[in-house]
Amino acid sequence: MRLFFALFTLIISASVSADQLRIATWNIENLGTYGRGSDGGHGEADLPLRTKEQLNDIADFIRDDLGSDVIALQEIGISHAYGPVSRNTQLDAIVKKLGSSWKYYLPPVPYNHTPDSMYVGYLWNTEKVKAIAIAPMRVPQVSLAGAALFSRTPVIGYFEAKDKDEESELNDFALVNVNLAPGQHNDENHLIAMTLIEYRLDDALTAMNINEKDRIILGDFNDNPQKVSETGTLKYSPAMYYHMAFKGYMDYVPADFKSTRMDTDLNSIVDHVLVSQAAQRHLFGNRAFLWLPENAPDSFAEWRETYSNHFPVSVVMNITEDDDED
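Heads up: the sequence shown runs through residues -18 to -1, 1 to 308, numbered per mature numbering (1 follows the signal peptide of the UniProt record, and there is no 0).
Be careful, since some hints might not be right.
In silico DSSO-like links for lysine-lysine, alpha-carbon gap of 30 Å or less [as the list claims (entries may be wrong)]:
(1) K229 / K240
(2) K146 / K112
(3) K144 / K85
(4) K217 / K240
(5) K229 / K195
(6) K217 / K144
(7) K146 / K229
(8) K144 / K240
(9) K112 / K85
(10) K209 / K144
(11) K79 / K112
(12) K195 / K110
(13) K195 / K144
(14) K110 / K34
(15) K112 / K209
(16) K217 / K195
(17) K146 / K217
(18) K78 / K112
(19) K112 / K195
(20) K78 / K110
(21) K146 / K195
(22) K229 / K217
(23) K112 / K144
(24) K146 / K209
(25) K146 / K110
(26) K110 / K79
(27) K240 / K209
(28) K79 / K34
(29) K195 / K85
(30) K229 / K112
Okay, the calculated beta carbon distance ranges per label pair [as the list claims (entries may be wrong)]:
(31) V67 / K217: 41 to 49 Å
(32) S82 / E284: 28 to 36 Å
(33) D305 / T246: 45 to 53 Å
(34) E284 / D184: 42 to 50 Å
(35) V124 / S83: 37 to 45 Å
(36) Y16 / G81: 40 to 48 Å
(37) Q123 / N268: 34 to 42 Å
(38) A127 / P92: 30 to 38 Å
(39) T96 / E276: 13 to 21 Å
(40) D185 / H225: 17 to 25 Å
The set of hints was computed from the structure by calculation and includes no laboratory data.
Beta carbons: idealized from backbone N, C-alpha and C, even for Gly.
With the hints as constraints, model all of the structure from the sequences given.
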């Protein structure tokens, strides 16, 4: 296990060039809310809110180690809301440390908001990308197959690579940040939720005046299509991924990632990146990159104290002139 993680850390440490973007998804585990460290796995403990020093460490990690230009974040609390504008004081501190070129978005507070509610949002570097439009996706508020279909509303982000010389329109892309129902046994729930996201995405983008086929659906799916039972058969249904493959999406998270979070057995691949056929043309390679701390897995408990029980997953996009009609 240790050799596997060591090899993968070396692979992920490769930096992107000036003509590339790194797009990441990261469940940052209860940022600004209580309950951090309570859901088992390596480093399970009653962890308090992060300190100023820990928030600075997260900012340094995002800039210097992860090196991402756009991050789809999950498990973000909302500290203050001013009409449609939502803020998280801990994310404010991270952005302050990152510098003035960094911005973030959190969705408006819904009617059923509570202090421990968590949401998905985006963090991006305005020196590398322009956020053209970001908005929650309209989805039905119903429960099916044992859980709420969308306990955390997906958020669409429409971004464009930034040309510093402002001479060309560079490639743009639509992201859909999702955090599906917790509990990997919710196979039918996840399948139905993803089917609705894909089915309604055209209309959702049209409502935002967006015509874009380069699409990436990413986030914490709480769904592990690779896990095998004691009898050697698949423990959970892979139907969601078969359906999305039929619709032209490729899952860039392979089985050899072993685990994207710190569950006890390190066999939980729950963070995924589904890439449309149009977007696949612009990505480097055909698989995502998994970031892991050094000396894994021995360092996991200590790493979790500051960062998260999930590891960031990212893809690299080659920056080219815009080649689609939007």
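Q) Which hint numbers does the structure go against, in order from smallest to largest? A) Hint check: 6, 7, 8, 10, 15, 16, 17, 24, 36, 38, 39 fail, others pass.
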